[in-house]
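Enquirer: Work out the full structure: start from the sequences and follow the hints.
There are 4 protein chains.
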Amino acid sequence: MSLNTFGHLFRVTTWGESHGPALGATIDGCPPGVSLDAAMLQHWLDRRKPGQNRFTTQRREPDEVEILSGIYEGHTTGTPIQLMIRNTDQRSKDYGDIAQKFRPGHADITYWQKYGIRDPRGGGRSSARETAARVAAGGVAREVIRALLPGMQIKGYMVQMGPRQIERARFDWDQIDANPFWTPDATAAAEWAVYLDGLRKSGSSVGAVIEVVAKGAPAGLGAPVYGKLDTDIAAAMMSINAVKGVEIGEGMAAACLTGEANADEIRMGPDGPEFSSNHAGGILGGISTGQDIVCRFAVKPTSSILTPRKTITIAGEATEIVTKGRHDPCVGIRAVPVGEAMMACVILDHILLDRAQTGGIRGRIG
Amino acid sequence: MSLNTFGHLFRVTTWGESHGPALGATIDGCPPGVSLDAAMLQHWLDRRKPGQNRFTTQRREPDEVEILSGIYEGHTTGTPIQLMIRNTDQRSKDYGDIAQKFRPGHADITYWQKYGIRDPRGGGRSSARETAARVAAGGVAREVIRALLPGMQIKGYMVQMGPRQIERARFDWDQIDANPFWTPDATAAAEWAVYLDGLRKSGSSVGAVIEVVAKGAPAGLGAPVYGKLDTDIAAAMMSINAVKGVEIGEGMAAACLTGEANADEIRMGPDGPEFSSNHAGGILGGISTGQDIVCRFAVKPTSSILTPRKTITIAGEATEIVTKGRHDPCVGIRAVPVGEAMMACVILDHILLDRAQTGGIRGRIG
Amino acid sequence: MSLNTFGHLFRVTTWGESHGPALGATIDGCPPGVSLDAAMLQHWLDRRKPGQNRFTTQRREPDEVEILSGIYEGHTTGTPIQLMIRNTDQRSKDYGDIAQKFRPGHADITYWQKYGIRDPRGGGRSSARETAARVAAGGVAREVIRALLPGMQIKGYMVQMGPRQIERARFDWDQIDANPFWTPDATAAAEWAVYLDGLRKSGSSVGAVIEVVAKGAPAGLGAPVYGKLDTDIAAAMMSINAVKGVEIGEGMAAACLTGEANADEIRMGPDGPEFSSNHAGGILGGISTGQDIVCRFAVKPTSSILTPRKTITIAGEATEIVTKGRHDPCVGIRAVPVGEAMMACVILDHILLDRAQTGGIRGRIG
Amino acid sequence: MSLNTFGHLFRVTTWGESHGPALGATIDGCPPGVSLDAAMLQHWLDRRKPGQNRFTTQRREPDEVEILSGIYEGHTTGTPIQLMIRNTDQRSKDYGDIAQKFRPGHADITYWQKYGIRDPRGGGRSSARETAARVAAGGVAREVIRALLPGMQIKGYMVQMGPRQIERARFDWDQIDANPFWTPDATAAAEWAVYLDGLRKSGSSVGAVIEVVAKGAPAGLGAPVYGKLDTDIAAAMMSINAVKGVEIGEGMAAACLTGEANADEIRMGPDGPEFSSNHAGGILGGISTGQDIVCRFAVKPTSSILTPRKTITIAGEATEIVTKGRHDPCVGIRAVPVGEAMMACVILDHILLDRAQTGGIRGRIG
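These protein sequences, in sequence, are chains A, B, C and D.
Quick note, my numbering runs 8 ahead of the 1-based positions in the first sequence.
Quick note, my numbering runs 8 ahead of the 1-based positions in the second sequence.
Quick note, my numbering runs 8 ahead of the 1-based positions in the third sequence.
Quick note, my numbering runs 8 ahead of the 1-based positions in the fourth sequence.
Quick caveat, the hints were computed from the structure, so don't treat them as lab data.
Small disclaimer: the values here were computed from a predicted structure and weren't measured.
Idealized CB from N, CA, C, for every residue including glycine.
Each hint should be verified, as a subset may be incorrect.
In silico DSS-like links for lysine-lysine, alpha-carbon gap of 27 Å or less [unchecked claim]:
(1) K318/D / K223/C
(2) K209/B / K223/A
(3) K163/A / K209/A
Distance windows between CB atoms, simulated [said to hold, decoys possible]:
(4) Q60/B / E74/C: 24 to 32 Å
(5) K223/C / Q60/B: 55 to 63 Å
(6) S284/A / S285/B: 37 to 45 Å
(7) D45/B / D45/C: 29 to 37 Å
Expert: Quick look at the structure:
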């Protein structure tokens, strides 16, 4: 509801600017008694951390998370959890020029027009650094999910860089953590490395598509109309910086299908209903089916590029701008752990919503 | 926050089942003093009404809206507006068979699994009839927008049916209201009519892509992180029945672009900043730029088809199902006014949010 | 959150004006599978209904509630429940004079100043008729509580009329439903009847204090800081028309006590902790203790009296006003079922919130 | 809405435990462009700070607030403001005994029963230290109000300690800041000092009543039903630790009045409507009248006293407890700045809500 908060019951409010003293997440509504310490969260933050290879920004941030509240003797107490990450490598000199000019494709101009003031240092609040807070919060959500539904797994990976898609036949879960692009297709990873090196050296950038899957979610999460599981997933992903499209299951391609091709037939399996296919992406009528929950989102290319671009100054004068400094040729790479974190937060939120309304009692089949 | 409510300040709660006595929308937070009567809302409902041509369901519903509260002497009073639409053509005999079987691709199975009870008559709450309430609420939002920002226009239209896209070069605003598909491309309309007749006669169905544009929205609507304008548009559109993907501006195709191609250059125009292109879909950093706000969403084909499909009963036994009765070969057609309504609600909500936080004061440029 | 909504998860939005076609409540978040029909709600509405004896307004309203949605075969489905009550006895001629004058002590002037428009017929939205919708919604909450926690009881009664308090030593539960004032003290009831007859005949009015008790609520409902059980009870009661004060347990008198006198000592009983007293009103740190939850609220006298009062017109001219028509000499009487309804809604809301966050798992003692 | 958040649009989430590393407030929805620095907030925190005289706890906390986000060059940017206060004097050895025993009148037992875990160090989340975060947030609200409505003043003061009330005839605004009890009655202050010294030396404690007034608030803040200004004030005050009753205007005493005595007559003054009295406490029908907004709340005596009290252990065994350590003989004293802070937050929230819905346009009178 609030401008910087997401979630109904597991509520995450992120705060902080790129070059302020710190940023973080205030988490309210976390179930009590869950084992949690900073190291568990650091694991996920380290995956998002910049400067890990030549394909991400060279800003050096340790991104060390401190837990300031809500934990006692290694367990959540049910009170608000405050997660703080200090900014250390702020080099604000890099950003001096952009205080007076609006970078095309950036939030500079809209922040100015809305608020009449903006923090230009590193993009301020619109910096992708904000997503570190999401990843930390997602780490908390993962631990709660692990306690409530030990079999669940949430995994994100890149399925497209620029116009180059992975080959689904080469999909290998074990590859995802084995290349700098979090992609399940090793051949694609090799090709993308060459492609992205070219873009990086020319000071250009490119977009990407990320897929996030939740495996082992029970049937029954979600609600019929506005509190739909897919509504909240779409909102969560679209709220990530630079995301321009979100798909569930077949996504935009569902438009091309006939009713015969699209409907997933149902049969009885040993543990309950099974489906012959998953065009629905694990969600029917806003409620999970028990299949894999599958979403994808497109990340636009960063607009911080070395080619001069036409723009205007605050005074309204025509000018050009080149964004120097440290940037990501494909910000989609670092969006992978962010998408996972958002999925974890949404799923946990709906687990809590569901047990609130239904008490976890389910309509039996068979 | 609530399961069946959308909006932060202009809050719409829809209620009602397909075959209950009535359905409607409870609107809270509407500004006072806006001219409003039932005829203004009926105009939009009539566009969504079933049975208007051979391409939509033959269910006959007058969809007459009554205003039960919130209006005095033809103006909104600022108190809740209750909009009620009586169901008249309920023919529940059509749906007898499906009480015991789950239709593939429908919400039948997930409702059952979540709630342990469901109203099978016409799909109950999961019926597309719920969208009539959205269209009525959108009609209220339109009148308030007209009072606050007279220059704004919100228009939806179909840009793809099945695999067949419109030709952007043939785009003609005046065509949109001149064909049964609300498409701006007259040639496409003619081709689609033949195509859809074929699908209709064979008892099949197909998906579609709808585009909705808001023209004349001021710069400054939205917020940086979760209360982003694009987040709320994505949520609003994904909350419509059968929608599987949402795009802003370039959408999923943004992944294919380079930074040079994607960033919309800025220049000074007579009335303020102008942009050389609109890849961003009118939104940067979650906040409107003053350009056209452009979104698209994909509607899957209805799963109510005449071809038998494999499924199970509540008892878990294998069976087949054919959905007889009255159905839409392309539900995307009737999603056009629904998408417009959702856009109107989101835009108005953000106008109110913006004047709450900023008082409408803007950072000047030039 | 919304202007006309209360509740976090069991969310009730009331709508409607005194002399519009209807009023009602939209309930979202109700658990599924609970037995419910209109007669169950009518039982509670009949207790609040005007014109039942000479001490309440002679407006004749059957207050018949219709359930328009959310029920299938006599059970809640988990979808929104729409409750509608038609207005029948509207006699708007009674209210002609007050369209141009502001009644002292009424919302007339503030509605006008805020909205620039108001429905003067019977007070419009500010009429106590709005509370019929609350009572209907409270009836739903009661049925859900009965299903979840069969031992709970919620009971309201009058403990003070004007300056006359009941004698606690004469408290008799069985008396509450046996007199027109819902008071547990039969002697007080007899005295109040004489007292109120005098006020009624002279066209005056008087205030009252209502106490509402919830028995059998489990320990653990509520939350530490803003989502406190007592916070929500205070808000719920203060939101009732004409209420000016709310107390939990000792209430305002807690100020007079020493720490020794105030703290309820704890001992172990056969079913868990017991307390030697209940100064806390069943709530410590915002969370229920398992004792009776006790609140009181003061209802001011209605300002609709036969004595002329000085006021102004919309044009700002000095004038006098006498409110003719049908009114209540002690509106506190009809506030008793309303207070019960609000307590039921708050308790149920917190049952749902609690099982969302904690899953109903409790810290064991002993 | 959330468990630890208050406010609709100016949303404050407090976090932190008494003996954790820090506590604070996350503020979302603050208007941009308001002058703000830490010193402005420190002013208010210093009023609440413990250990300032012999009548408040001797815990030594500098309560220095750091602003971690949301400010650029001395002005709010419209993004979340994070306020952090480090805990320094934690002496957790004082609290060793109470980890296994429940203190009567404290939240110990209910936290345990709800969550199955609690931080016993200094009361953890239930400590009155949490109110430091509220005071800091209230300081932000005050600065925004100053920018929007320069004439407004919010002032709290003690009107009763134990059974001893102030004499209204001796009310002197200038006295409030001149004595350790924030009371406007110098004679009462002198008497209370003697009285409280006696209680302090005997290890006892006593309750108090605080009154908070907002002067200069415009007519039109609030809403008719649940979003009433008085509803939100009641909730805000009841959410403060140890508060057991809340009153608006006449409060509980309104029950004793007749309609003639209670209704504030209206006349036209030079700047608009005026009232002959203010029994309503500046609020009619949930909406401000333009008069002083007046509320009172009762604070119970702290239960941390030197007299042994009967209680049980977590194991359910009977025992006694004496709360040693540093405590307040009258916690009501430090509740004065907290009440002011809550009033400031509520008023600002309603200013924002009002300009959202009405745009600040008012119904003219005269």
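Enquirer: Using the C-beta atoms of S284/A and S285/B, is the stated range 37 to 45 Å upheld?
Expert: 44 Å Cβ-Cβ, so the 37 to 45 Å window holds.
Enquirer: Is the hinted pair K163/A and K209/A satisfied, with a Cα-Cα distance of at most 27 Å?
Expert: 31 Å, violated
Enquirer: I want to verify a distance hint. Is the separation of the beta carbons of Q60/B and E74/C within 24 to 32 Å?
Expert: Once the Cβ atoms are compared, 30 Å apart, the range 24 to 32 Å for E74/C and Q60/B holds.
Enquirer: Hint check: K318/D vs K223/C, CA-CA at most 27 Å. Holds or violated?
Expert: 24 Å, holds
Enquirer: Starting from the range 29 to 37 Å, see whether the pair D45/B and D45/C falls in it by beta-carbon distance.
Expert: 35 Å, holds
Enquirer: Do the Cβ positions of K223/C and Q60/B conform to the proposed distance bound of 55 to 63 Å?
Expert: 57 Å, holds
Enquirer: Does K223/A lie within 27 Å of K209/B when you go C-alpha to C-alpha?
Expert: Violated - the C-alpha atoms of K223/A and K209/B are around 39 Å apart, more than 27 Å.
Checked against the numbered hints above, the structure breaks hints 2 and 3 and satisfies the rest.
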